[in-house]
Amino acid sequence: MRIEKCYFCSGPVYPGHGTMFVRNDCKTFRFCKSKCLKNFKKKRNPRKTRWTKAFRKASGKELTVDNCLEFEKRRNVAVKYQRELWSKTVEAMRKVEGIKRKRQAQFIFNRLKKGKQLEKEEAISEVKKNIHLIKAPHAGKAKVMEEKMVQKLQDVEMVDD
Amino acid sequence: MALYNFKKIMVVPTSKEFIDITLSKTQRKTPTVVHKHYQIHRIRHFYMRKVKFTQQNYHDRLSQILTDFPKLDDIHPFYADLMNVLYDKDHYKLALGQINIAKNLIDNVSKDYVRLMKYGDSLYRCKQLKRAALGRMCTIMKRQKQSLEYLEQVRQHLSRLPTIDPNTRTLLLCGYPNVGKSSFINKVTRADVEVQPYAFTTKSLFVGHMDYKYLRWQVVDTPGILDHPLEERNTIEMQAITALAHLRSAVLYVMDVSEQCGQTLEQQLELFNNIRPLFANKPLLIVANKCDVKKISELTEEDQACDKLLAHRVDGKMKGKKVHDVLNRLHLAVPAKRDEKARPPFIPEGARIGRKTMEVDVPKRKTERDLEVEMGDDYILDLQKYWDLMNQDEKYDVIPEIWEGHNIADYIDPDIMKNLEDLEKEEELKVKAGEYETDEESEDEEMQEIRQLAKQIREKRKLKIVCSKDKDVHGPRLPRTVKKVERKTLEKEMGDLGLDMTGKDDSHYAVNARRSRSVGVAKKRKREASVIPTSRTRSQSASRPPRDQSGVRDPKMAKQAKKLMKNQQKDMNRQGKKGEADRHVFDLKPKHLFSGKRKSGTNDHR
Chain A
1 MRIEKCYFCS GPVYPGHGTM FVRNDCKTFR FCKSKCLKNF KKKRNPRKTR WTKAFRKASG
61 KELTVDNCLE FEKRRNVAVK YQRELWSKTV EAMRKVEGIK RKRQAQFIFN RLKKGKQLEK
121 EEAISEVKKN IHLIKAPHAG KAKVMEEKMV QKLQDVEMVD D
Chain B
1 MALYNFKKIM VVPTSKEFID ITLSKTQRKT PTVVHKHYQI HRIRHFYMRK VKFTQQNYHD
61 RLSQILTDFP KLDDIHPFYA DLMNVLYDKD HYKLALGQIN IAKNLIDNVS KDYVRLMKYG
121 DSLYRCKQLK RAALGRMCTI MKRQKQSLEY LEQVRQHLSR LPTIDPNTRT LLLCGYPNVG
181 KSSFINKVTR ADVEVQPYAF TTKSLFVGHM DYKYLRWQVV DTPGILDHPL EERNTIEMQA
241 ITALAHLRSA VLYVMDVSEQ CGQTLEQQLE LFNNIRPLFA NKPLLIVANK CDVKKISELT
301 EEDQACDKLL AHRVDGKMKG KKVHDVLNRL HLAVPAKRDE KARPPFIPEG ARIGRKTMEV
361 DVPKRKTERD LEVEMGDDYI LDLQKYWDLM NQDEKYDVIP EIWEGHNIAD YIDPDIMKNL
421 EDLEKEEELK VKAGEYETDE ESEDEEMQEI RQLAKQIREK RKLKIVCSKD KDVHGPRLPR
481 TVKKVERKTL EKEMGDLGLD MTGKDDSHYA VNARRSRSVG VAKKRKREAS VIPTSRTRSQ
541 SASRPPRDQS GVRDPKMAKQ AKKLMKNQQK DMNRQGKKGE ADRHVFDLKP KHLFSGKRKS
601 GTNDHR
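Chains as they are written, first to last, in the UniProt record's numbering: chain A, 1 to 161; chain B, 1 to 606.
In short, the hints are calculated from the structure, not lab data. Keep in mind the model is a prediction, meaning the values are calculated, not measured. Careful: at least some of the hints might be erroneous.
[To be verified] No farther apart than 27 Å at their CA atoms in a straight line, the calculated lysine-lysine pairs in the DSSO-like style are these:
hint : chain 1 : residue 1 : chain 2 : residue 2
1    : B       : Lys469    : A       : Lys135
2    : A       : Lys116    : B       : Lys432
3    : A       : Lys88     : B       : Lys395
4    : A       : Lys120    : B       : Lys462
5    : B       : Lys460    : A       : Lys135
6    : A       : Lys120    : B       : Lys464
7    : A       : Lys73     : B       : Lys425
8    : A       : Lys102    : B       : Lys430
9    : B       : Lys462    : A       : Lys128
10   : B       : Lys504    : A       : Lys135
11   : A       : Lys88     : A       : Lys61
12   : B       : Lys464    : A       : Lys113
13   : B       : Lys462    : A       : Lys129
Generate coordinates for the entire structure from the input sequences, incorporating the hints supplied.
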């Protein structure tokens with residue numbers, strides 16, 4: 001019993017789901033749903049179809065090279081069953097999964113930081129350009145001027161006195 | 001080998017048949033329709049084709065005859081001689097020669113007439129030429145009648161000749177007529193030769209086959225030979241002589257001891273001596289036959305003859321040069337002994353055990369099937385008991401395969417704990433280095449304010465865009481100044497922008513607003529009867545008279561003008577039109593105009 005990977009979207013294909021296509025050169029292609037299969041039949045390249053994992057990895061949107069990803073790998077060496085090894089492996093899997101998630105999230109976060117910077121700059125420029133839409137240039141100035149004048153007069157009076 | 005061709009010679013037709021076949025073939029296989037009005041090259045081509053086709057047919061058939069019949073020089077001398085004896089070499093060659101000549105003549109005829117046909121200028125001329133050509137060819141064939149008949153007979157006889165292989169082991173039976181040669185062959189082989197009390201029952205050679213020492217032997221039965229010189233011999237005897245002369249075989253000279261054949265022993269011996277030269281180089285055995293009638297004990301002929309021949313043949317072969325070549329290449333290699341160590345042949349253990357088990361019925365180990373039979377219904381197929389694991393008590397564990405969407409088999413690695421440790425160390429380092437710290441800079445108030453302002457700006461812009469899109473003004477637009485701006489809206493807008501709009505009663509716009517209102521009212525009171533109140537906005541100039549008053553002399557005329565205007569509009573109003581320019585048709589195909597029979601009415605109304 002294995003959870004296979006869909007050829008097109010790299011999603012999990014659970015047992016009893018999806019379809020498999022076998023080509024004349026004996027290469028098998030598994031698909032998780034008919035959407036993937038139809039795209040495949042249309043000869044679309046998964047590395048160019050934006051919603052697939054293959055695209056995301058190929059265009060650097062997700063973590064690709066990392067030690068935590070080396071744990072889940074298909075090794076063609078059969079290992080005889082040992083209870084302790086299996087139980088330890090399950091434990092290790094948990095930990096590795098946690099670390100993997102953290103790292104993946106951090107990767108994406110770092111990628112999106114630049115956007116935040118740009119957003120900030122955009123806000124500043126927007127305000128500079130179009131402040132007149134919400135605030136008249138001389139909005140509070142009249143009153144300030146008046147106060148100033150009043151102040152001046154008072155000063156003058158004071159001086160006179 | 002020439003042997004088999006004798007049966008595969010094509011039937012030689014008689015001359016009449018030959019002509020018929022060829023002509024009818026020409027008739028069928030070439031186009032038949034030609035008209036006078038065709039182009040001359042077409043007509044010529046048509047007839048030329050017929051001539052050539054006939055020639056081709058004759059040529060093919062005659063060539064086939066010539067190649068099928070064996071050439072006396074090419075076949076084994078035994079057959080050549082036999083054919084000579086039976087069919088006369090000269091006659092045979094002549095017949096074939098005639099056929100060859102006929103073939104060449106036909107070719108020449110065809111060539112000539114085709115050449116002539118090129119100058120035929122009408123259908124009739126060409127047709128005559130063709131007739132002439134075919135006629136000549138057929139006459140040539142008619143003249144070959146004799147040859148063809150002879151060849152047909154030869155062919156029939158040839159195909160019935162016994163297939164004697166001149167090269168294999170043969171036993172040849174010869175002797176006087178009626179001595180018992182055919183009986184012998186009948187006994188020894190499966191041949192069924194006619195045996196009769198009269199002489200010359202056997203008139204030609206017969207072949208039978210027998211087996212001795214796992215080899216096939218031919219036994220050839222000949223017609224009897226009489227004792228007279230070679231020149232006087234007839235065809236039948238000559239066959240026997242030919243066989244004797246050419247076949248390399250063991251000769252069995254059969255003598256009739258009982259003299260039932262009609263010749264005395266002395267006569268038989270004489271014959272034997274006469275034909276002795278023919279026996280040169282052949283193992284010879286004298287057979288005393290019919291000894292049941294007259295008892296003279298003699299050894300059995302068979303074995304001796306065969307052995308003798310075999311020995312003779314082997315001797316012959318050994319003496320031949322060819323054998324030496326083969327002998328040189330034959331060499332039995334035996335490995336030389338290197339030292340005194342005994343090296344017996346090696347038999348692997350498994351083979352030895354296998355052999356043993358085959359010999360003795362060793363009790364085999366208990367199979368699952370046996371167990372199943374024993375336990376009956378309780379039996380459970382438990383393959384896990386054969387598993388070979390590190391700890392035997394783990395055999396019956398339930399092995400997990402999937403955890404949270406991951407295959408455990410992908411993670412299984414003897415070094416996994418080490419790798420995990422490394423990973424965790426790495427992670428610690430990373431955390432220490434601060435990679436995971438989200439640097440959310442607490443933005444200063446200024447930045448927050450800016451953000452808020454930006455948000456407001458964006459909202460305002462969007463609203464403005466939406467408002468402008470909502471206006472939905474198509475066509476010529478009035479300038480902005482036409483619209484009256486309400487004081488309230490102005491003050492509200494400016495107030496939103498942050499300006500102080502309180503106490504603005506003395507402002508310019510407020511004063512103007514009051515003034516315009518009063519002017520309008522005053523004007524209303526001052527109005528004269530003649531002046532018709534018109535809707536005037538401030539934008540219109542007071543000096544220019546409005547259109548419905550310009551050029552109008554008096555109210556009576558104005559009234560009339562208005563009446564005219566109204567009358568004009570009646571039609572449009574009735575039809576629900578917006579104005580003069582409204583040409584909109586509400587119903588392009590009203591049903592009552594397009595349905596039913598065209599009775600009274602027009603296209604516009606019915």
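Going through the hints against the structure:
1. Lys469(B) to Lys135(A): holds (24 Å)
2. Lys116(A) to Lys432(B): Given that 27 Å is the threshold and the Cα spacing comes to 25 Å, the pair holds.
3. Lys88(A) to Lys395(B): holds (18 Å)
4. Lys120(A) to Lys462(B): holds (20 Å)
5. Lys460(B) to Lys135(A): OK: Lys460(B) and Lys135(A) at ~11 Å, within 27 Å.
6. Lys120(A) to Lys464(B): holds (24 Å)
7. Lys73(A) to Lys425(B): Distance of about 21 Å is within 27 Å: holds.
8. Lys102(A) to Lys430(B): holds (11 Å)
9. Lys462(B) to Lys128(A): Given that 27 Å is the threshold and the Cα spacing comes to 18 Å, the pair holds.
10. Lys504(B) to Lys135(A): holds (20 Å)
11. Lys88(A) to Lys61(A): Not OK: Lys88(A) and Lys61(A) at ~32 Å, beyond 27 Å, violated.
12. Lys464(B) to Lys113(A): violated (32 Å)
13. Lys462(B) to Lys129(A): Roughly 15 Å between the alpha carbons, so the hint for Lys462(B) and Lys129(A) holds.
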